[in-house]
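Student: Protein sequence lines, in the order shown, are assigned to chains Y and G.
With the numbering used here, letter number 121 in the first sequence gets 121, and the count goes up by one each step, no holes.
Counting the second sequence from 1 gives a position; the numbering used here is that position plus 249.
Honestly, the hints are just simulated from the structure, not real lab data.
Every residue, glycine too, gets a C-beta built ideally from N, C-alpha and C.
Mixed in with the good hints, there may be bad ones.
Dumping the calculated SDA-like pairs for lysine to any residue here, alpha-carbon to alpha-carbon at most 20 angstroms [said to hold, decoys possible]:
#1 Y:Lys138 to G:Asn270
#2 Y:Lys138 to G:Glu297
#3 Y:Lys138 to G:Asp330
#4 G:Lys278 to G:Asp256
#5 G:Lys278 to Y:Asp238
#6 Y:Lys138 to G:Glu304
#7 G:Lys278 to Y:Met61
#8 Y:Lys142 to Y:Thr85
#9 G:Lys278 to Y:Gly211
#10 G:Lys278 to Y:Val247
#11 Y:Lys138 to Y:Arg33
#12 Y:Lys138 to G:Asp256
#13 G:Lys278 to Y:Asp59
#14 G:Lys278 to Y:Ala29
#15 G:Lys278 to Y:Pro26
#16 Y:Lys138 to G:Pro296
#17 G:Lys278 to Y:Arg33
#18 Y:Lys138 to G:Val294
#19 Y:Lys138 to G:His271
#20 Y:Lys138 to G:Gly268
#21 Y:Lys138 to G:Gly327
#22 G:Lys278 to Y:Ala248
#23 Y:Lys90 to Y:Val133
#24 Y:Lys90 to Y:Thr103
#25 G:Lys278 to Y:Val48
#26 G:Lys278 to Y:Gly23
#27 Y:Lys138 to G:Thr303
#28 Y:Lys90 to Y:Val48
#29 Y:Lys138 to G:Asn295
#30 Y:Lys138 to G:Gln298
#31 G:Lys278 to Y:Asp234
#32 G:Lys278 to Y:Ala27
#33 Y:Lys202 to G:Met250
Now the stretches of chain Y that chain G is said to cover, found in silico as 3 or more residues with beta-carbon under 8 angstroms [unchecked claim]:
#34 6-13
#35 33-44
#36 156-166
#37 240-249
Some chain G residues close to chain Y (C-beta under 8 angstroms, calculated; not the full set) [said to hold, decoys possible]:
#38 His271
#39 Glu304
#40 Leu318
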Amino acid sequence: MTDQFDVSFVTREERSARLLIRGLTPATANGVRRAMIADVPTFSIDTVRFVENSSVMFDEMVGLRLGLVPLTTPLEDYEVGDTVTLALQKTGPGVAYSGDLETADDRVQPADDDIPIIELKEGQRLEFEADAVLDTGKEHAKHQGGVAVGYRHLQRVRVVGDRQEFDDPEPQIVRGVIETEDGDVVHTDEFDNDLRNRYPGKEVAVEDVPGAFVFHVESDGSLSVEELFVRAVDSLRDRADELAEAVAI
Amino acid sequence: MELRVVDRTDNELRIEIAGENHTFMNVLKGSLLRTDGVAAATYDVNPEQSGGQTEPILSINTEAGVRPLDALEEAARGVSDQMGSLGAEIEAAFAAEP
Numbered sequence: 001m002t003d004q005f006d007v008s009f010v011t012r013e014e015r016s017a018r019l020l021i022r023g024l025t026p027a028t029a030n031g032v033r034r035a036m037i038a039d040v041p042t043f044s045i046d047t048v049r050f051v052e053n054s055s056v057m058f059d060e061m062v063g064l065r066l067g068l069v070p071l072t073t074p075l076e077d078y079e080v081g082d083t084v085t086l087a088l089q090k091t092g093p094g095v096a097y098s099g100d101l102e103t104a105d106d107r108v109q110p111a112d113d114d115i116p117i118i119e120l121k122e123g124q125r126l127e128f129e130a131d132a133v134l135d136t137g138k139e140h141a142k143h144q145g146g147v148a149v150g151y152r153h154l155q156r157v158r159v160v161g162d163r164q165e166f167d168d169p170e171p172q173i174v175r176g177v178i179e180t181e182d183g184d185v186v187h188t189d190e191f192d193n194d195l196r197n198r199y200p201g202k203e204v205a206v207e208d209v210p211g212a213f214v215f216h217v218e219s220d221g222s223l224s225v226e227e228l229f230v231r232a233v234d235s236l237r238d239r240a241d242e243l244a245e246a247v248a249i
Numbered sequence: 250m251e252l253r254v255v256d257r258t259d260n261e262l263r264i265e266i267a268g269e270n271h272t273f274m275n276v277l278k279g280s281l282l283r284t285d286g287v288a289a290a291t292y293d294v295n296p297e298q299s300g301g302q303t304e305p306i307l308s309i310n311t312e313a314g315v316r317p318l319d320a321l322e323e324a325a326r327g328v329s330d331q332m333g334s335l336g337a338e339i340e341a342a343f344a345a346e347p
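If we strip away everything but chain Y, and leave its shape as in the complex, we get:
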């Protein structure tokens, strides 16, 4: 396969995107997918020093919940292993939210402000200082930047003839993204996943397009989809460089 890639968008939202990439081998596609999940580092709270915890939960349980709060990650200024301190003080009655976390670096803060940590009743109080550490999904799933990362083959749909009047009325369900004969790239949601809606009365054939993959990437907010993609590809490139370098000696 050649090194000629063609990248285009199918859908694009703030935290997710569908990207059509042509010219990939299955091995490379899977490498990029795995790298996005396990090899792109994000910040996550890892150590908590409790000053006071009179809530109904043990320190460890609160600590686990804190680890699951996605934190925005400026990768250009931090390296794996670096830490940033966050703190929280809250007295009941009320709910302690992720947005109540104070941070030492404004660029490292909760991606969402409305994640409940714990509900505090009258007289209960939560106060702690926490260290967020930059690490990869390989180390712990809480460091995964991509929450739903996967790909499907692009499927080509061809009209092969007319459907006979008494042919079986069963639906023709496809999922993912199809390429029509005119070269349009259409997500199957647009016609309710049933090819009969798009090609009424027609007989169609569906086949995978070799080397064309539709990636669906959803970020948890700690990194943009672009950063996730580019960092994953870079991490594979860096490893290849390192190997080439080591072998050359």
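Based on the hints, put chain G in the right spot on chain Y.
Tutor: Leaving out everything else, chain G in the frame of chain Y:
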């Protein structure tokens, strides 16, 4: 990435690539199989908790006149070039999209 040669002859190489997993090894294997002069290439990796050999071992067989290490270097450079152009294409696509 720590390399350790397990076995080497003129046209065969078995090398341990410590610290890697399927993510990179499968991409590398794919690239090796498309490299000229490579007769066969595969890798083997065992689950982390299986005990024993858990680092991936890459095996390469080459045709006469091609050194396996040279083929490996060429394949690694191939992956690097490919990832470089893929990264550039992705950046361009994101830049074009508002």
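Student: Take the hints in turn and mark each one as holding or not.
Tutor: Cross-check of the supplied hints:
A distance of roughly 10 angstroms separates the Cα atoms of Lys138 (chain Y) and Asn270 (chain G); the hinted pair therefore holds under the 20 angstroms criterion. Our distance criterion of 20 angstroms between C-alpha atoms is met by Lys138 (chain Y) and Glu297 (chain G), whose separation comes to about 12 angstroms. Taking the CA atoms of Lys138 (chain Y) and Asp330 (chain G), the gap is near 25 angstroms; set against the 20 angstroms cutoff, the hint is violated. About 18 angstroms separates the Cα atoms of Lys278 (chain G) and Asp256 (chain G), which keeps this hinted pair within 20 angstroms; it holds.
Pair hint Lys278 (chain G) plus Asp238 (chain Y) holds up; C-alpha atoms about 16 angstroms apart against a cutoff of 20 angstroms. Of the supplied pair hints, the one linking Lys138 (chain Y) and Glu304 (chain G) holds, its CA atoms being roughly 15 angstroms apart against a limit of 20 angstroms. Using a Cα cut-off of 20 angstroms, the hinted pair Lys278 (chain G) and Met61 (chain Y) is violated, with the two alpha carbons roughly 43 angstroms apart. Restraint check for Lys142 (chain Y) and Thr85 (chain Y): satisfied, since their Cα atoms lie roughly 17 angstroms apart, inside the 20 angstroms limit.
Restraint check: the Cα-Cα separation between Lys278 (chain G) and Gly211 (chain Y) comes to about 17 angstroms, which is no more than 20 angstroms; the hinted pair holds. Distance hint between Lys278 (chain G) and Val247 (chain Y) is fulfilled; the C-alpha atoms sit about 15 angstroms from each other, no more than 20 angstroms. Distance hint between Lys138 (chain Y) and Arg33 (chain Y) is fulfilled; the C-alpha atoms sit about 13 angstroms from each other, no more than 20 angstroms. A threshold of 20 angstroms between alpha carbons decides the hint, and for Lys138 (chain Y) with Asp256 (chain G) the separation of about 30 angstroms lies outside it, so the pair is violated.
Proposed proximity of Lys278 (chain G) and Asp59 (chain Y) is contradicted: the alpha carbons are some 46 angstroms apart, above 20 angstroms. Between Lys278 (chain G) and Ala29 (chain Y) the alpha-carbon distance is near 13 angstroms, which keeps this suggested pair within the 20 angstroms criterion. A hinted pair counts as satisfied when its Cα atoms are at most 20 angstroms apart, and Lys278 (chain G) with Pro26 (chain Y) qualifies at roughly 12 angstroms. Distance hint between Lys138 (chain Y) and Pro296 (chain G) is fulfilled; the C-alpha atoms sit about 14 angstroms from each other, no more than 20 angstroms.
Note on Lys278 (chain G) and Arg33 (chain Y): the hinted pairing holds, with a Cα-Cα distance of about 17 angstroms set against a maximum of 20 angstroms. Of the pairs offered as hints, the one joining Lys138 (chain Y) and Val294 (chain G) holds, with about 16 angstroms between alpha carbons and a cut-off of 20 angstroms not exceeded. With a C-alpha separation of about 12 angstroms, the suggested pair Lys138 (chain Y) and His271 (chain G) falls inside the 20 angstroms cut-off, and the hint holds. The hinted pair formed by Lys138 (chain Y) and Gly268 (chain G) meets the criterion: a straight-line CA distance of about 11 angstroms does not exceed 20 angstroms.
Taking the CA atoms of Lys138 (chain Y) and Gly327 (chain G), the gap is near 26 angstroms; set against the 20 angstroms cutoff, the hint is violated. For the hint pairing Lys278 (chain G) with Ala248 (chain Y), the CA-to-CA distance comes to about 18 angstroms; that is within 20 angstroms, so the pair holds. Annotation: proposed proximity of Lys90 (chain Y) to Val133 (chain Y) is violated, straight-line Cα distance about 23 angstroms (limit 20 angstroms). With a CA separation close to 15 angstroms, the supplied pair Lys90 (chain Y) and Thr103 (chain Y) stays within the 20 angstroms bound.
For the hint pairing Lys278 (chain G) with Val48 (chain Y), the CA-to-CA distance comes to about 43 angstroms; that exceeds 20 angstroms, so the pair is violated. The straight-line distance between the Cα atoms of Lys278 (chain G) and Gly23 (chain Y) is roughly 17 angstroms, inside the 20 angstroms bound, and the hint therefore holds. Between Lys138 (chain Y) and Thr303 (chain G) the alpha-carbon distance is near 16 angstroms, which keeps this suggested pair within the 20 angstroms criterion. Using a Cα cut-off of 20 angstroms, the hinted pair Lys90 (chain Y) and Val48 (chain Y) holds, with the two alpha carbons roughly 15 angstroms apart.
As the CA atoms of Lys138 (chain Y) and Asn295 (chain G) are separated by approximately 16 angstroms, the hinted pair is consistent with the 20 angstroms bound. Proposed proximity of Lys138 (chain Y) and Gln298 (chain G) is supported: the alpha carbons are some 15 angstroms apart, at most 20 angstroms. Restraint check for Lys278 (chain G) and Asp234 (chain Y): the C-alpha separation of about 18 angstroms stays at or below 20 angstroms, so the hint holds. Pair hint Lys278 (chain G) plus Ala27 (chain Y) holds up; C-alpha atoms about 8 angstroms apart against a cutoff of 20 angstroms.
Simply put, Lys202 (chain Y) and Met250 (chain G) have alpha-carbon atoms about 55 angstroms apart, too far for the 20 angstroms limit, and the pair is violated. Judged by the Cβ-Cβ criterion of 8 angstroms, the stretch 6-13 of chain Y is covered by chain G as claimed, because 5 of its residues qualify and three suffice. Closer than 8 angstroms: that is the beta-carbon criterion, and the stretch 33-44 of chain Y has 4 residues meeting it against chain G, so the requirement of 3 holds. Judged by the Cβ-Cβ criterion of 8 angstroms, the stretch 156-166 of chain Y is not covered by chain G as claimed, because only 0 of its residues qualify and three are needed.
Only residues whose beta carbon comes within less than 8 angstroms of a beta carbon in chain G count, and the stretch 240-249 of chain Y has 8; three or more means the coverage holds. Checking His271 (chain G) against chain Y: minimum C-beta separation of about 7 angstroms stays under 8 angstroms; hint holds. The closest approach between the C-beta of Glu304 (chain G) and any C-beta of chain Y is roughly 14 angstroms, which is over the 8 angstroms cut-off, so the hint fails. Taking 8 angstroms as the C-beta cut-off, the interface hint given for Leu318 (chain G) holds, the closest approach to chain Y being about 6 angstroms.
Hints 3, 7, 12, 13, 21, 23, 25, 33, 36 and 39 from the list above are not met by this structure, while the remaining hints are.
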